Each structure stands twice: as C-alpha cells, then as structure tokens.
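Chemist: Start from the sequences, fold in the hints, and give me the full structure.
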Amino acid sequence: MSALGVETLSHDFGGLRALNDVAFEVAEGERLVILGPNGAGKTTLFNVITGLLRPTAGRITVFGHDVTALAPHRRVRLGLGRTFQVTTLFPRLTVLDSVLLAVQGADRARFTLHRPRTAFPRLFARAEELLEAWSLAGQRDVPTRELSYGEQRQLELVLSLAPGPRVLLLDEPTAGLSPAETTAVADMIRRFPRDVTLLLIEHDMDVALDLAERVLVLHEGRIVAAGPRDDIKRDPRVAEIYLGVDEA
Amino acid sequence: MRAGVAIAVGVVLLALSPLALSSYQLGLLTKMLIFALFAMSLNLILGYAGLPSLGHAAYFGVGAYTVGLLAVKVRDNFWLDFGAGLVAAAVTSALFGLLALRARGAYLLMITLALAQVLWGIAFGWRWLTGGDDGLPGVPRPAAGLPWSFAGGPAFYYLVLIVFVVLTAAFWVLVRSPFGQALVGIRESERRMEVLGYDTWRYKYVAFVLAGVMAGVSGNLFVYYNGFVSPAYLSIVFSAMALIMVILGGAGTLLGPAVGGAVIVLLENVISTHTERWLTVLGVIYVVVTLFAPAGIMGFVRERWGGRTV
Chain A
1 MSALGVETLS HDFGGLRALN DVAFEVAEGE RLVILGPNGA GKTTLFNVIT
51 GLLRPTAGRI TVFGHDVTAL APHRRVRLGL GRTFQVTTLF PRLTVLDSVL
101 LAVQGADRAR FTLHRPRTAF PRLFARAEEL LEAWSLAGQR DVPTRELSYG
151 EQRQLELVLS LAPGPRVLLL DEPTAGLSPA ETTAVADMIR RFPRDVTLLL
201 IEHDMDVALD LAERVLVLHE GRIVAAGPRD DIKRDPRVAE IYLGVDEA
Chain B
1 MRAGVAIAVG VVLLALSPLA LSSYQLGLLT KMLIFALFAM SLNLILGYAG
51 LPSLGHAAYF GVGAYTVGLL AVKVRDNFWL DFGAGLVAAA VTSALFGLLA
101 LRARGAYLLM ITLALAQVLW GIAFGWRWLT GGDDGLPGVP RPAAGLPWSF
151 AGGPAFYYLV LIVFVVLTAA FWVLVRSPFG QALVGIRESE RRMEVLGYDT
201 WRYKYVAFVL AGVMAGVSGN LFVYYNGFVS PAYLSIVFSA MALIMVILGG
251 AGTLLGPAVG GAVIVLLENV ISTHTERWLT VLGVIYVVVT LFAPAGIMGF
301 VRERWGGRTV
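Sequence lines, in order, name chains A and B. Start counting the first sequence at 1; every next residue gets the next number (the numbering used here). Start counting the second sequence at 1; every next residue gets the next number (the numbering used here).
No lab work stands behind these hints: they were computed from the structure. As the structure is a prediction and not an experimental result, all values here were calculated from the model. Glycine residues also receive a C-beta, built at the ideal position from the N, C-alpha and C atoms. Take these hints with a grain of salt, some might be off.
Stated by the list, open to error - Examples of chain A residues toward chain B, derived with CB under 8 Å:
| id | residue |
| --- | --- |
| 1 | GLY29 |
| 2 | HIS65 |
| 3 | PRO91 |
| 4 | ARG110 |
| 5 | LEU159 |
As the list claims (entries may be wrong) - Calculated Cβ distances over 12 Å to all of chain B for the following chain A residues:
| id | residue |
| --- | --- |
| 6 | GLY39 |
| 7 | ALA71 |
| 8 | ARG77 |
| 9 | PRO165 |
| 10 | LYS233 |
Modeler: Following this line, the structure appears as structure tokens:
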C-alpha cells in the first residue's frame with residue numbers, strides 16, 4: 001500500500017488550471033522531490049494534499065484512507081504533516097512553547113481546559129527531547145521572531161516532526177538560506193527518521209538531487225517527467241524547463 | 001512568586017475594603033469589579049485567540065435583560081434568574097458564534113457589531129416587554145431564594161468579589177491549559193495550528209461561547225447592581241468600551257483587562273462629574289493608548305519591571 005496516493009487530481013483557480021490531471025503514488029519511506037519552475041503548481045499540489053484547498057477533481061489517499069473530503073486537522077491525524085514555503089511560525093511564542101504546541105496537537109490532552117498544561121509532564125518531556133535531538137535546546141526560551149531566519153526554518157522542521165508524521169511535505173525548506181544554512185537544513189532532513197515518507201519541493205538542485213530517490217517534474221500543472229533521480233538528471237525536458245527554453 | 005504575593009495582597013485588600021471605604025466608594029469599587037469581569041471575558045477571545053469583537057455587549061445585555069425581566073415580571077429568585085441569564089448569554093453567543101466566526105479581522109468586527117445592533121434594536125423597539133428607551137427599572141438586589149440577603153452594599157460587594165475571584169482563578173487555569181495555549185497558537189498562526197492537527201474552528205467557537213457566558217455573568221451582576229436595565233447595555237458604546245478596557249489594560253494578559261476595566265470605570269466616574277463629554281475623553285484615551293502604550297498598562301509595567309508574557 002502506498003503512503004500517499006494522488007489520482008487524477010485537478011485544481012482550478014477561476015479560469016486558471018493550476019493542477020491538471022496529476023497522478024502519482026509514493027511508497028512508504030520513499031523520498032520524492034518535486035521539481036518545476038515558479039507557477040508550476042507545486043505549492044498548490046501541497047495545499048490540496050493537506051486539505052487547505054479542495055481539489056476541483058480527483059482523489060487523495062493516505063495509507064489507503066480517502067482523505068479528499070477531510071478537513072486539514074483530520075488528515076494530520078492520519079499522519080500527514082507539512083512545512084510552508086513562507087515561514088509559518090508563532091512569532092511571539094518561545095521556541096519551547098512553539099514545540100509544546102506542536103507536541104500537544106497530537107496528544108489527547110489538546111482540548112483539556114480545566115487543568116494547566118504543566119499538569120502534563122509528558123508534553124514537556126517530548127518537547128525537550130525534540131529540542132535536544134535537533135540542537136535547539138540552547139534557544140528554548142528565545143521568542144521565535146528573534147531567531148535567525150535559518151533557525152526559524154529549522155524550528156519549522158522540528159514543529160513538523162513533533163506530531164510524529166508518517167508522510168511529510170516540505171515546501172522549499174532551504175528557500176532564502178545562505179549556503180551554510182542550506183547545508184545545515186539539508187543535513188537535518190537527511191537525519192529524519194527513515195520510515196517517514198518525504199515529499200520535497202526544492203529549487204536548490206544540489207540539495208534536491210542529493211535528497212531525492214525519485215523525482216517528479218511539474219510544469220504548468222502537469223507531470224511532465226517522473227522517475228529515479230539519475231534518469232531525471234539526464235532528461236532533456238527538465239533542462240529545457242529549468243533553462244527556460246521555449247518549448248514551442 | 002512575586003506575582004503570587006502581589007495577587008494575595010490584592011485579594012486581602014479587596015476583602016478588607018468595605019471596612020475603609022464609604023458606601024459610595026464601595027459602590028464604585030463594586031462596579032469596577034463587574035466591568036473588570038466584562039473586560040476579561042472579551043480578553044479571552046481578543047487577547048488570547050486574536051478574535052476582535054465589537055458586539056460583546058450583546059451577551060452582557062442579554063444576561064442583564066433576562067435577569068431584569070424575570071426578576072421584575074416573572075419571579076424574583078436569584079438562582080432561577082441568574083441561571084437563566086447565563087443560559088441566555090450562552091445561547092446567544094453560541095448562535096452568534098456560528099454566524100460570526102466564518103469571518104476574521106475587520107469583517108469579524110463588523111459582523112459582531114451588526115448582530116449586537118439587532119439585539120439593541122429589539123430592546124429599543126419592543127416597548128411593552130422591555131420598556132424601550134425608558135428601560136426596565138425596579139430590579140431588586142439578590143435576596144429571594146438565597147439563605148441571606150445580598151441587598152446591602154457590603155453584602156452585594158462580597159458577592160461580586162467572590163464571583164470575581166472564582167472566575168479569575170478559573171480564567172488563570174483556562175489560559176494556561178492546553179486549550180488556552182492552543183488559542184494563543186491560533187492567534188499567532190491559525191494556518192500552522194491547522195497543519196499541527198488542531199480543529200481551530202472548534203477552539204475559536206468554544207472560546208467565543210465561554211467569553212459570552214462570562215460577559216453574561218458581568219451583565220447579570222450589573223443589572224442587580226444598578227437595579228435597572230436599558231438598551232444602552234446592548235449598545236455599541238458598551239462594546240467599544242470593553243474593547244478599550246482590554247487594550248488599555250493589555251490584551252492577552254491575565255489581569256491587564258481587569259485593571260483596564262477598573263480604570264475606565266473610575267475615570268468615567270471622575271470625569272463625568274466635571275464634563276458631559278465622557279465619550280470624547282474615552283476616544284482620546286483610546287488614541288493615546290494605541291499611540292504610546294500599544295501593549296497597554298500591563299505591557300508597560302512588564303517593560304519597566306520585567307515579567308513573563310503569556
């Protein structure tokens with residue numbers, strides 16, 4: 001059974017067809033990179049998979065469950081997690097409080113309102129564990145907005161890992177980072193648990209091709225190429241799209 | 001720890017104040033506590049969940065009218081009337097929440113304002129029931145149905161004080177609970193919370209209803225305090241005043257809005273003895289606070305003397 005299945009998926013923004021009959025499957029534990037120029041529909045694809053947008057047509061499954069009509073938080077329960085292209089964090093909360101929220105989201109105490117959070121030591125233990133594992137313990141009491149941009153991107157990855165996802169969608173995790181920060185983030189992703197299925201949108205070709213096992217190339221809302229990384233590297237269509245050669 | 005001591009001292013001072021204050025001053029203090037509760041209730045949605053409302057007087061007024069009408073026209077029984085006031089506030093906020101929480105930001109402000117204005121219009125127009133613009137006088141202080149009477153100034157003050165302390169303690173637990181922290185997360189980034197597995201609508205809705213019930217408590221107490229209810233309780237002036245109390249005191253802090261509520265009541269009292277133009281002064285206060293102390297009194301105190309932010 002595939003970890004993620006996308007069948008004949010289309011999404012229209014008014015008259016613009018952002019996704020056109022997209023179909024693919026991702027096996028459990030696989031690391032898939034999605035390539036494509038700006039406007040190819042990559043982020044739209046992520047938004048549809050995670051439920052922030054309803055598809056015009058098509059079907060999405062997570063470990064065999066049809067999630068097409070489910071609200072975003074219900075999909076998270078089935079193991080779907082993501083990060084955003086534009087850093088989406090809690091600016092005024094400290095690193096620890098942010099991670100606590102992420103941990104709590106997957107805990108049955110998340111709707112408890114008659115006891116303070118400190119009555120649930122397991123939340124704190126798990127949060128501290130994550131901060132230690134991903135070298136953010138030194139920043140635990142720093143408000144998120146005071147972190148460097150690189151640290152914010154790392155925190156976002158930690159938040160996405162906190163609920164223990166089985167399928168994780170990372171939308172340009174290295175966008176806007178310096179080369180050193182890019183290396184740090186790429187190392188982090190490499191260290192993600194092997195059983196977590198990864199879908200990665202990435203513009204840095206070195207990072208993308210290093211992390212990818214399989215590559216999917218999206219162009220104008222369609223999948224134009226898909227296959228193992230080395231095949232895609234040699235695919236002339238990919239070079240065309242990326243070098244901006246006019247197809248007509 | 002320091003904050004704990006300060007709060008304990010504050011509660012003791014409040015408990016002892018009937019010994020030191022004149023009955024007029026005690027009455028003013030009672031009113032300050034009632035509006036402190038009103039401001040705190042709005043703070044739950046505005047300060048913690050980031051949901052602005054310009055119609056919060058709706059639940060205050062519905063509670064007040066329910067208690068007033070029942071006590072005057074049906075049966076003067078504290079438990080019955082007070083309980084009905086709370087139920088009415090809960091039902092109103094549950095209904096309004098369903099309609100209003102589809103929107104956010106300025107749109108949420110406008111929808112909540114419109115909904116509250118509908119209630120104001122009903123209270124104003126339905127003369128034979130509500131007395132219209134003249135209001136509904138003659139609401140007795142809580143006595144009937146209770147083991148002893150809360151009609152006297154000090155007794156009524158203690159009733160209000162007990163309600164205030166109990167609700168503040170409950171509020172403290174609530175905002176520190178996983179639920180309360182999730183509200184803060186929604187304020188900071190609702191989208192992030194959604195993809196962390198939170199049903200954000202459900203959190204916002206429950207907070208909205210809880211805030212409505214708490215506003216109902218303050219409205220219930222206020223109608224007993226004043227012995228009178230009029231459409232003004234449902235008006236935009238009351239809603240805007242609550243908003244200013246929260247912002248003045250410090251949105252998103254536990255006690256800031258209570259302080260803001262007390263300060264506004266005190267200022268209104270002092271300034272109204274000198275001029276008719278209280279609302280103008282209130283407007284000026286609002287502008288000055290947003291310009292020079294956007295984090296409110298509590299934010300200002302924290303900046304000067306430190307302390308944790310929630």
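Chemist: None of the hints should be skipped; say for each whether it holds.
Modeler: Right, here's what the structure says about each hint:
1. GLY29: With a minimum Cβ separation of about 21 Å from chain B (threshold 8 Å), the hint on A:GLY29 is violated.
2. HIS65: violated (15 Å)
3. PRO91: holds (6 Å)
4. ARG110: holds (5 Å)
5. LEU159: Hint on A:LEU159: holds, closest Cβ of chain B at ~7 Å, below 8 Å.
6. GLY39: Answer for A:GLY39: holds, closest chain B Cβ roughly 21 Å.
7. ALA71: violated (7 Å)
8. ARG77: Label violated. Min Cβ-Cβ 6 Å, cutoff 12 Å.
9. PRO165: Non-interface label on A:PRO165 violated, nearest chain B Cβ at 10 Å vs cutoff 12 Å.
10. LYS233: The claim stands: A:LYS233 keeps its Cβ more than 12 Å from every Cβ of chain B (closest is about 32 Å).
Hint violations for this structure: numbers 1, 2, 7, 8, 9, all remaining hints satisfied.
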